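Residue numbers (UniProt numbering), protein chains in the order written: chain Y, 1 to 476; chain B, 1 to 476.
If you're looking for bench data, these hints aren't it; they were derived computationally from the structure.
Treat the hints with caution; some may be incorrect.
[What the hints assert, rightly or not] If you want the footprint, here are the derived chain B segments under chain Y, 3+ residues with CB under 8 Å:
#: 1; segment: 84-97
#: 2; segment: 296-303
#: 3; segment: 331-342
#: 4; segment: 373-386
#: 5; segment: 445-451
Keep in mind the model is a prediction, meaning the values are calculated, not measured.
Note that CB positions come from ideal geometry on N, CA and C, so glycine has one too.
There are 2 protein chains.
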Amino acid sequence: MGGVHPPLPGNPPSPSIIGPMTQSDPQTDLSSALNRDDANAELFELLRIPSVSADPSHKADMTKTAEFLRTKLESLGFTARVDETGGHPAVYAEHLKAPGEPTVLLYGHYDVQPEAPLEEWVTPPFEPTVRNGRIYARGSTDDKGQMYAHIRGVELLLSQGELPINVKFFIEGEEEIGSPSIVPYLKAHADELKSDVIVISDGSRFAADVPTITYGVRGLSYVEIHVQGANRDLHSGSYGGAAPNPINALCEIIAKLKDDKGRVTIPGFYDNIEPLTDEERGMWASLPQNDGEFANSIGVSALPGEEGYSVLERLWGRPTLDVNGIWGGYQGEGSKTVIAAKAGAKVSMRLVPGQDPVRITKLIQDYVPTIAPEGVTVKVIDHHGGQPIKFDTSSDYVKAADRALQRVYGKPAVFARTGGSIPIVAYFAEILKSPVLFVDMGLNEDAPHSPNESFAVQDYHNGILTSAYLIQELGK
Amino acid sequence: MGGVHPPLPGNPPSPSIIGPMTQSDPQTDLSSALNRDDANAELFELLRIPSVSADPSHKADMTKTAEFLRTKLESLGFTARVDETGGHPAVYAEHLKAPGEPTVLLYGHYDVQPEAPLEEWVTPPFEPTVRNGRIYARGSTDDKGQMYAHIRGVELLLSQGELPINVKFFIEGEEEIGSPSIVPYLKAHADELKSDVIVISDGSRFAADVPTITYGVRGLSYVEIHVQGANRDLHSGSYGGAAPNPINALCEIIAKLKDDKGRVTIPGFYDNIEPLTDEERGMWASLPQNDGEFANSIGVSALPGEEGYSVLERLWGRPTLDVNGIWGGYQGEGSKTVIAAKAGAKVSMRLVPGQDPVRITKLIQDYVPTIAPEGVTVKVIDHHGGQPIKFDTSSDYVKAADRALQRVYGKPAVFARTGGSIPIVAYFAEILKSPVLFVDMGLNEDAPHSPNESFAVQDYHNGILTSAYLIQELGK
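Please construct the entire structure, taking both the sequences and the accompanying hints into account.
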């Protein structure tokens, strides 16, 4: 399709005969044109704003971050605006100066996970610090760093001339809380957001030296279980032996949600799951995955999970049930002999193609009361969910992404799925009817959602180049 | 035994032919001599000092409370002092002006439980407030109110003349944290603390209109279970399905500590337990106990517990295992998709005669690792323990207490045990070699250890009279 500046060969050379294009082909090499210091400085500014979507006290920071992005995109010649939503504002921007050329919608999110537990951060979560070639800050990889790489990728192309295709940005502020406002927003702006392909960079490559195209994400069902015992805290001496203990009860309920083979016991939980194909299982088995190293990397002696599946299969292709938080009774220093009145837990289930989050949430809401011990009352509150997704790996868009990654890494991409969930992907498919392309720039070792989240400086810069090359390749 | 002022009949009249002595026998009635307003005002002063022994930030308040008591006892003609211990100070005072007469040691504790959860208090925990005839404040019944009733009881007697027997006070500041400094203290002051009988008022009567003599307390083993998974918090999407989840593991461990018949599964837990006698079971069965009302009083639909035992038997004569607190992962607002690195729980076991807390603690420390799922590491930390105790109900001291209670309530006392634990009782038996007498003044509905702990004004005043009459009766 239509011409591009700078001119490029129709087909990418085979990686077997070249090193990274960034070294060997100055003609198409944007690497030397990338102002790395400036790209870093700007990202740091963005990372300093504590845009924690789960915490209402950060409301003003959300708006500040959105305005930061709008201003930046306008400076690049985009028509940009900040749109109010029911919750946190969204940023929309468009650069439509390539009539007849395809349009790409670049999606990202500027909100971040809560920083807790703060005491475990080596340096403050909202004061980006570089150590050993990594940028340490909340949101550095998830998703400010990867999202901003696209903005800098576009800037890099513009520094060389005009954009070869039409580019739209849609950057939301509610991804970490399940994008509650996004469906109405997408419906209201469906025409405006229309594109030939949507690109999302909000995940991890398989390994540091492995360019990865992700073709599937797990879905999510996230609930909160509340258990009520007596109408007040009780003295465990005066009442112990007769009063229902909501903490013991909660533990009993949670323990019953899985069997000793690591399978979830909720009736119907595994119904309709698309089995993994032999092709997928073979492809994943061939990846340079070392379970021992994986276990060492997180400091554990074993990688427990569902019987009969490899670690990668369990991470990418099988559902889970994990408690994400639990509380009840006395958590302070010393001892308190009390039987608490109530206890609670946050429980999330990762879902795979064939499972519907709405149905799964209903199943656990129906099941928990049936396994609760006598004397307590239980409530299962629906937090949010997301659809599991799988993409066609033979599309032109996937091929273009593969070529772009080859220009950065000098080797073809591997095809992986991710264990994470990006609920919005399902909404894109359903409401915008556009194919989605995952071009992940991060690594698991970035520790997203953890203390000391980081993003390798090199990955950030490669991400900028990947974004620029992808826009070129999509124009071909 | 030797004469007493005022003179009393050798044998108490039968309750069947009289009302409360406080009404019918002005000659022995101290009720009219009791300055109730002054007694209340002084107790309120004491309750205003937040002497929370579990919280190091209250260290100064502990000393302040001890000094308050020393000053008061000196004003009553006691030789009194505040003794430093390894932990919080203890108050010792003596009034030895009845040569040849028996000596009673009145024990109490001035420390209180933590006030958490603060938001559930109707009025501030350390601002005593009277509502519906009850004094609401942390420590009002456990144990400042009951302990101070003895001080005011002695004051009441002194207002009438001299004390008929020798009286010692020992008031510690570490009861709510398991009295860690008390053993060395008792050993160091064994001669000084020597007495014919030790009186403790730190518990509940069976019911509002039922004077109660408690002849047994449960013991305690209190541990903290720590479960470690990965070396950091992990994204539940990227790692869910392979990473060990310490919260799920902790719940599994806790659920396995009891079977579906409410019995503790720790091997050897029930070894050597003294079975309840038919006499006890019969005596308790005859008490005005209504399980339905009991359940209603704490707002629950059932009173689950060990199969084959009545509610009273489970509360007084059988061991328990209760989780007193649990924590792990994200407890904040909204949702966080994280697999926590660690989780923990505070677990206490109430013990009955035949069980040894040191052995039980060892048993759970040995057992928990054997039931922990793979991939996590567990630690069981010993917080503190206390010996279960049973007393001889036919002693002269018990008879004297029974007569004193009849003079206040106009009816004989019932003999009960308590589900609570007072570890120090075992030390008294072992180190001071003195018999112990429980004269409880509170009620379960006082909600000790809970938000809105309270003590009935009437119970406080009856406690003062009980203490005064008991000192008289012990002199006979």
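Hints versus structure:
Figure legend: the segment 84-97 of chain B, annotated as covered by chain Y; annotation inconsistent (0 residues with Cβ-Cβ distances under 8 Å, at least 3 required). For the segment 296-303 of chain B, the assignment as covered by chain Y holds, since 6 residues bring a beta-carbon within under 8 Å of that chain's beta-carbons and 3 suffice. Residues of the segment 331-342 of chain B lying with their CB closer than 8 Å to a CB of chain Y number 10, which satisfies the three-residue condition for coverage. With 7 residues carrying a beta carbon less than 8 Å from a beta carbon of chain Y, the segment 373-386 of chain B meets the three-residue requirement, and the given coverage holds.
Counting residues of the segment 445-451 of chain B whose beta carbon lies closer than 8 Å to any beta carbon of chain Y gives 5, which reaches the threshold of three, so the coverage claim holds.
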